[in-house]
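> Top line first, the protein sequences correspond to chains A and U. Each residue of the first sequence is one higher than the one before, counting from 59 in this note's numbering. Each residue of the second sequence is one higher than the one before, counting from 59 in this note's numbering.
Hints in this document: simulated from the structure, not taken from any laboratory. Bear in mind that the values here come from a model prediction, so they are computed numbers and not experimental data. Worth double-checking, as some hints may not be accurate.
Which copy is meant is left open, because identical chains are indistinguishable; a pair holds if it fits in one copy or across any two.
Claimed, not checked - BS3-like, lysine-lysine: derived pairs with alpha carbons at most 27 Å apart:
#, residue 1, residue 2
1, K153, K98
2, K68, K153
3, K189, K134
4, K221, K68
5, K181, K223
6, K68, K134
7, K68, K105
8, K98, K189
9, K105, K153
10, K221, K134
11, K153, K223
12, K181, K153
13, K181, K68
There are 2 protein chains.
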Amino acid sequence: MNQDIPARSKTAFIFDLDGTLLDSVYEHVAAWARALDDEKIDVPVWKVHRRIGMSGGLFSAALVRELGHEIGEDTKQRLRDLHANYYNAVSAGVKPLPGAVELLQHLTASGIAWAIATSSHIKTAGPVLAKLGVDPARQVVITRDQTRYAKPDPDLFLVAAEKLKVDITTCAVVGDAVWDMLAATRARALGIGFLSGGYGEQELRQAGAYRIFDGPADMLEHIDEVGGRR
Amino acid sequence: MNQDIPARSKTAFIFDLDGTLLDSVYEHVAAWARALDDEKIDVPVWKVHRRIGMSGGLFSAALVRELGHEIGEDTKQRLRDLHANYYNAVSAGVKPLPGAVELLQHLTASGIAWAIATSSHIKTAGPVLAKLGVDPARQVVITRDQTRYAKPDPDLFLVAAEKLKVDITTCAVVGDAVWDMLAATRARALGIGFLSGGYGEQELRQAGAYRIFDGPADMLEHIDEVGGRR
């Protein structure tokens, strides 16, 4: 063995939650659409879909650009509350994506570090983590509450790597949204894109994904190709 | 004027309905997802989304491939009924996409032939046509009831061209789904893709779209570039 070649670092995985491990993107879309409708704000639903997963503040800013006029702070707060209420009303019915539980179990059993990092607040994310068999007291789960900026800022992923005690440049970020891929690029992590949130493959590649899978089950089938070897 | 050059034929437009003129794709997705859930059939929602707009028969066939086992005719019928009931329960809240009404008005005022061709049955499509100011007694509207095969078979578009008394090769088919673009290609019409159904741009281009717009308002702004000049 050549002592001059440094040992290759093991890959650690940082997962987005909604649309990546949970089949919940369309419920979030519906909740935002109802909230906007209640506030008489007219935005086509596909544009809401394409903003899921980014921080609430940037979501509002994008909305303002779309509408071409400002919306007040009180309206923004009502939108956030309405969305949370509508989503929480249906989140009990949300299911893990096929293979999500098995993928996390495989990583744990293989001694590979992993974390979850989501733009959601713990009050939205908390109730659904149990469906994945994830206990935030025992696993690294980073939510919007722990960082000043959410995706596409890199902060959530940087904090996750820190908590995992790994270098971010040894991490692969797994997500379904362009916001995950953009934040991964800004964090100097690799991006792995999932189609399970309803984005197209090219959108994810253009945002920086180096590999694309249908979802967790597909990634688990190819886990040895992306650094997940036991 | 050179008499040897035949006059260029005027372009006629054939529009898909859901996701193209109406902001209704996500309601259809939710209705199918609930129907599948009721029948204890487990399919990730993004795969339902990607099948919206194709014929119900092919939708079922795709489902069977996805599940890896047959589903009975009675189950298929229950799924169709459940979907229709869930969709009709919310369709009163469905809105035209921005610019849809204006786009159709512009074509009519400009003496340009246009039609609507949808994979839906009239019992689903009928109640929402009024929102677009479309009267099926006065405009050409082709539904699933009038052809043996729906998209991605070309039949709906061929019948629409026939009813408009134009050659299909002078038609542009406008749709939000890859099934529209594939059916347009098979019909020898041009395909114009809209992002308003939630597909990615590349998916539509790969399925044959020669031009992409955000939706009706964007197309209306560029109408003189796609054969819609007065």
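> Now look at each hint and say whether the structure bears it out.
We went through each hint and held it up to the structure:
1. K153 with K98: between (31 Å within a copy, 12 Å between copies)
2. K68 with K153: This pair counts as neither: shortest intra-copy Cα distance 30 Å, inter-copy 51 Å.
3. K189 with K134: neither (30 Å within a copy, 29 Å between copies)
4. K221 with K68: within (16 Å within a copy, 64 Å between copies)
5. K181 with K223: within (26 Å within a copy, 59 Å between copies)
6. K68 with K134: neither (42 Å within a copy, 48 Å between copies)
7. K68 with K105: neither (38 Å within a copy, 33 Å between copies)
8. K98 with K189: Close across copies (18 Å), not inside one copy (34 Å); limit 27 Å.
9. K105 with K153: Both: 24 Å inside a copy, 15 Å across copies.
10. K221 with K134: neither (32 Å within a copy, 49 Å between copies)
11. K153 with K223: Intra 30 Å, inter 50 Å, cutoff 27 Å: neither.
12. K181 with K153: Classified as within: same-chain Cα gap 18 Å, cross-chain 32 Å, threshold 27 Å.
13. K181 with K68: neither (33 Å within a copy, 57 Å between copies)
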